[in-house]
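Asks: Can you make the complete structure from the sequences, with help from the hints?
Read off the chains here:
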Amino acid sequence: MNPELDPELDLGIDRVIRAPRKVVWDAWTDPDSLARWWIPAPTVCRVDRLEVRPGGGFVTRMSDDGVAFAPHVDACFLVVEEFERLVFTNTVDSRWRPANPEPVAMTAEVVFADHADGTDYRVVVRHGDPAARDLHAELGFADGWGGVTDQLARFVESAR
Amino acid sequence: MAQCPAELDGVFLALADPTRRAVIHRLGRGPASVSDLAGAATMTLPSFMKHVRVLESNGLIHTVKSGRVRTCLLNRERFAVVEDWLARQRRLWDERTDRLEQFVTDPKEENTP
Numbered sequence: 002m003n004p005e006l007d008p009e010l011d012l013g014i015d016r017v018i019r020a021p022r023k024v025v026w027d028a029w030t031d032p033d034s035l036a037r038w039w040i041p042a043p044t045v046c047r048v049d050r051l052e053v054r055p056g057g058g059f060v061t062r063m064s065d066d067g068v069a070f071a072p073h074v075d076a077c078f079l080v081v082e083e084f085e086r087l088v089f090t091n092t093v094d095s096r097w098r099p100a101n102p103e104p105v106a107m108t109a110e111v112v113f114a115d116h117a118d119g120t121d122y123r124v125v126v127r128h129g130d131p132a133a134r135d136l137h138a139e140l141g142f143a144d145g146w147g148g149v150t151d152q153l154a155r156f157v158e159s160a161r
Numbered sequence: 495m496a497q498c499p500a501e502l503d504g505v506f507l508a509l510a511d512p513t514r515r516a517v518i519h520r521l522g523r524g525p526a527s528v529s530d531l532a533g534a535a536t537m538t539l540p541s542f543m544k545h546v547r548v549l550e551s552n553g554l555i556h557t558v559k560s561g562r563v564r565t566c567l568l569n570r571e572r573f574a575v576v577e578d579w580l581a582r583q584r585r586l587w588d589e590r591t592d593r594l595e596q597f598v599t600d601p602k603e604e605n606t607p
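Residue numbers (our numbering), protein chains in the order written: chain P, 2 to 161; chain Z, 495 to 607.
Treat the hints loosely; a few may be bogus.
[Claimed, not checked] Derived contacts from chain P toward chain Z, CB cut-off under 8 Å, selection only:
id, residue
1, Leu12
2, Ile18
3, Arg22
4, Val24
5, Val25
6, Ser34
7, Trp38
8, Val60
9, Tyr122
Keep in mind that the hints were calculated from the coordinates and are not lab data.
Remember, predicted model here, so these are calculated numbers, not experimental data.
Built from N, CA and C at the ideal position, the CB exists for glycine as well.
Replies: The structure is reproduced here in structure tokens:
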């Protein structure tokens with residue numbers, strides 16, 4: 002419900018998904034379903050905690066071999082409105098301990114609404130200021146990371 | 495999701511030099527020999543080789559020796575680590591949404607446990 006979005010720090014996704022709102026909600030809130038799409042294959046996702054309620058833990062781990070699992074997300078739900086909205090943050094972990102998450106602190110708001118073709122699915126991810134952002138200044142890239150990325154994209158595209 | 499900071503440092507260190515950026519720029523158009531690349535730089539070959547080694551040890555290029563000619567090639571995949579951090583987060587969420595969409599719209603998924 003807070004529309005504030007800083008284009009330097011935040012991102013928004015707005016997609017119509019051709020499936021009923023409840024199906025999309027269930028894909029998010031059922032651990033076995035979430036594990037199927039949360040991390041790109043072939044990396045294996047394990048959902049350790051998915052307590053879909055305000056204050057509930059959200060913990061996923063990932064593995065390249067299906068045996069050794071590394072931390073992925075350790076977050077906490079802030080807002081849960083059934084079939085309508087999920088808000089979670091990794092700045093407070095699943096045990097409510099203040100965290101300094103890598104690579105960047107964020108709060109994600111996921112909104113599910115009915116649409117004639119299925120579900121109007123919107124995500125707003127609000128980020129903290131990642132430490133890595135300062136790296137370009139240290140290295141003297143006057144145009145910042147965006148400029149470097151554009152340049153590199155041009156270098157790489159020019160050969161295609 | 496997380497980038498290894500040491501890896502990122504190395505890539506940026508490699509790119510924080512005009513000679514090395516010029517090499518990357520040239521290799522964007524295709525492979526080139528060390529001697530051709532060195533010819534465009536205003537320094538001795540041993541000095542230039544140091545730059546080549548920095549680029550190679552940080553994975554931005556690789557080199558192949560054939561007879562007396564050492565050819566440099568751009569390692570394009572490596573540039574993903576210097577992608578703008580916000581663009582990277584956006585790609586992560588875009589791809590995540592692609593997978594969610596596929597999961598809920600693929601009829602094969604419906605009856606799988």
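Asks: If a hint holds in the structure, say so; if it does not, say that too.
Replies: Checked hints:
Checking Leu12 of chain P against chain Z: minimum C-beta separation of about 5 Å stays under 8 Å; hint holds. Among the interface hints, the one on Ile18 of chain P holds; its C-beta lies about 5 Å from the nearest C-beta in chain Z, closer than the 8 Å criterion. Because the beta carbon of Arg22 of chain P sits about 10 Å from the nearest beta carbon in chain Z, more than 8 Å, this interface hint is broken. Taken as an interface hint, Val24 of chain P checks out: its beta carbon lies about 5 Å from the nearest beta carbon of chain Z, inside 8 Å.
Checking Val25 of chain P against chain Z by beta carbon gives a least distance of about 5 Å; that is within 8 Å, so the hint holds. For Ser34 of chain P, the suggested interface contact is upheld, since its CB lies about 7 Å from the closest CB of chain Z, less than 8 Å. The beta carbon of Trp38 of chain P comes within 4 Å of a beta carbon in chain Z, closer than 8 Å, and the hint placing it at the interface holds. Hint status for Val60 of chain P: violated, given a least beta-carbon distance of 14 Å to chain Z, over 8 Å.
Interface restraint check: Tyr122 of chain P against chain Z, minimum CB-CB distance 7 Å, threshold 8 Å, status holds.
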